[in-house]
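Colleague: Start from the sequences, fold in the hints, and give me the full structure.
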Amino acid sequence: MNPWWNRFSYILFGVLVLNSLLVRAQVPPVQMCTAASGPACQAVRGDRSEGWLAQTRSEVMARNGVVTTVQPLAAQAGLRILQQGGNAIDAAVATAAALNVVYPANTGIGGDLFAIIYVAKEKKIYQLNASGIAPSGLTLARMNSLGYKAHPANFGPGSGMPSGGILTVTVPGSLWGWQEVLTRFGTKTFREVLQPAIDYAEQGFPLTEEIISSWRMKNALPLMGCCTQLDPDSVKTFYIHGIPPAVGTIFKNPDLAKTLRLVQQQGRDVLYKGEVARAIVAKSNALGGTMTLDDLANYKGEWVTPVSTTYHDQFTIYGTRAPSQAWGIVEEMNVLEQCVPIWYPGQTLATLGPTNPLFWHALVETKKVVYADLYGHNADPNVVSVPLETLSSKPHAASLCGKVNPKRASGTGSPASETTDSGDTIYLATADRWGNMVSWINSNFAGWGSGITVPDYGFILHNRGGLFTLDPKSPNVIAPQKRPYNTLSAVLVMRNGRPFLVTGQHGGDQQGQGNMQVLVNILDLGANVQAAGDMARFSHNQVSNRLQLESQLFKLVGSQLISMGHNASSSDGSPVGGFEGIMFTPDAGASSGCAPTDLGCTAPIGGIYRAGSNFREDGEAVGY
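In this note's numbering, the protein residues as written are -18 to 605.
Hints were generated in silico from the structure; no laboratory data involved. By construction, the Cβ of each residue, glycine as well, lies at the ideal position given by its N, Cα and C atoms. Keep in mind that a hint or two might mislead.
Here are the simulated distance ranges between beta carbons [unchecked claim]:
#1 S550 with V25: 20 to 30 Å
#2 S194 with A35: 18 to 28 Å
#3 A379 with N279: 34 to 44 Å
#4 G334 with R38: 17 to 27 Å
#5 D250 with P225: 26 to 36 Å
#6 S550 with V216: 33 to 43 Å
Modeller: Here it is in structure tokens:
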């Protein structure tokens, strides 16, 4: 016998035997838990031994810098920039760009951006509004001619608008905002901060169970009667062989990598005046949209002063200005401060406590009266008058106390008029060794935005225009060159004149009420920043008056709230908003840290950054 064949036979036999042993000893595959899942999904959770025993993880504490967001790989991208000497603004852009790659359903350069930035060297707070503006041809008459009219039972934002498709696309502001903050406050260039995102897009990244759960493209076609069909360019870009990828798939987006490289070379002009602009307009024209090259070329965001109020004397709360709904968070905190002592004499939110149904009744009813103001007034203040100074004042809050029955639920709308107000967004927060802190929210609005992908460039166009209303009497009625009502909300809190907290959530209309709950958890109940996000929350729909409580909260107070007249039920795992936050605790015994003007300094800040992230998803906080 040929000696070579003899050696090959022995090798083949060994491989077959080894393979047989490996097959017999296989570890069961990782399971996604469903009703039919295997034994791993039947186990019970272990116990925590320190602090609040229901807390899911410890705060991340660091002195040089921290990043927190909804996806671990994106958080690592921001941390990479901090460790390379970048500041919190540089890290925010790097994190946002990475999220465009690893969380494409929720955010990207085809969407909106709001941010509040504390600039340490100036000891000043700035707000950026880089939200989208309606194309010049998007009129109420055009929407009506296509069969879209306001729904008489829906008095909220989005009444009559389609949920996706080209008619919901406004001029995207994200990339304009990225360059704007880098130019004004950053220390790095697009070439540096976009590189981590490009690496992920070119080399690929594994898709997690949480991301895959929503990796289902939304219908975006046709123009009339939208939406019943998928956009072929979205399927081509984000599906594999025509179907959604599986958990653990290494996903690559070379088209988006190409786009980000163009941005490295040409800046934002490539999207607003260059080849990407031409591709957006060509796609819009093909689908019957109205976007023009002039609409893109003329886009500008704006720097404005955020809305603010004091709380319990020592805190100053800042929220993004209209058309963001975050001014409603400011109003909610005013109502709680002014009205809880009237509703429950001798009590505070802290003495009522989160096991008392009256605590939750106060929060829900506060949300209701404030959202009545939001739905009645919130719109683009550059086009209509929005009386923010009045609505965010303490006298106005005090005037609302009598609208609430301290022991009985009020009505807001008909249970038959349920609206879909959930949104998929990302929130991120960053802080650095110089004391800069960033509260940043970037979004496609609903999951996969409009459902429309810019062919050959790898990103989704958002659908924020879907929050215009078609009611001609509303201040939020659709009109050209106007910004729609926007659920995106960024929050910053100062304590005795020093930066204390940056926080935010995603989840559409949930943001206005969810941020209120987190602030109460921290400012009234004394929770740490991780526990504040872990604590159970509610979600109330203003149009249907339906109240959902997370399952353990429903078990605790659900029956009592129902007896008080609330249309309450368990959320049974439905989302109640994301969460991320960074808190700063000064330490008099620590190094004074870097001077805000000394960019070469490597000393840590004189205190501790404490960061939390959302356990309900893949959230992660990182620091060094």
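Colleague: Give me the numbers of the hints this structure contradicts, sorted from smallest to largest.
Modeller: none
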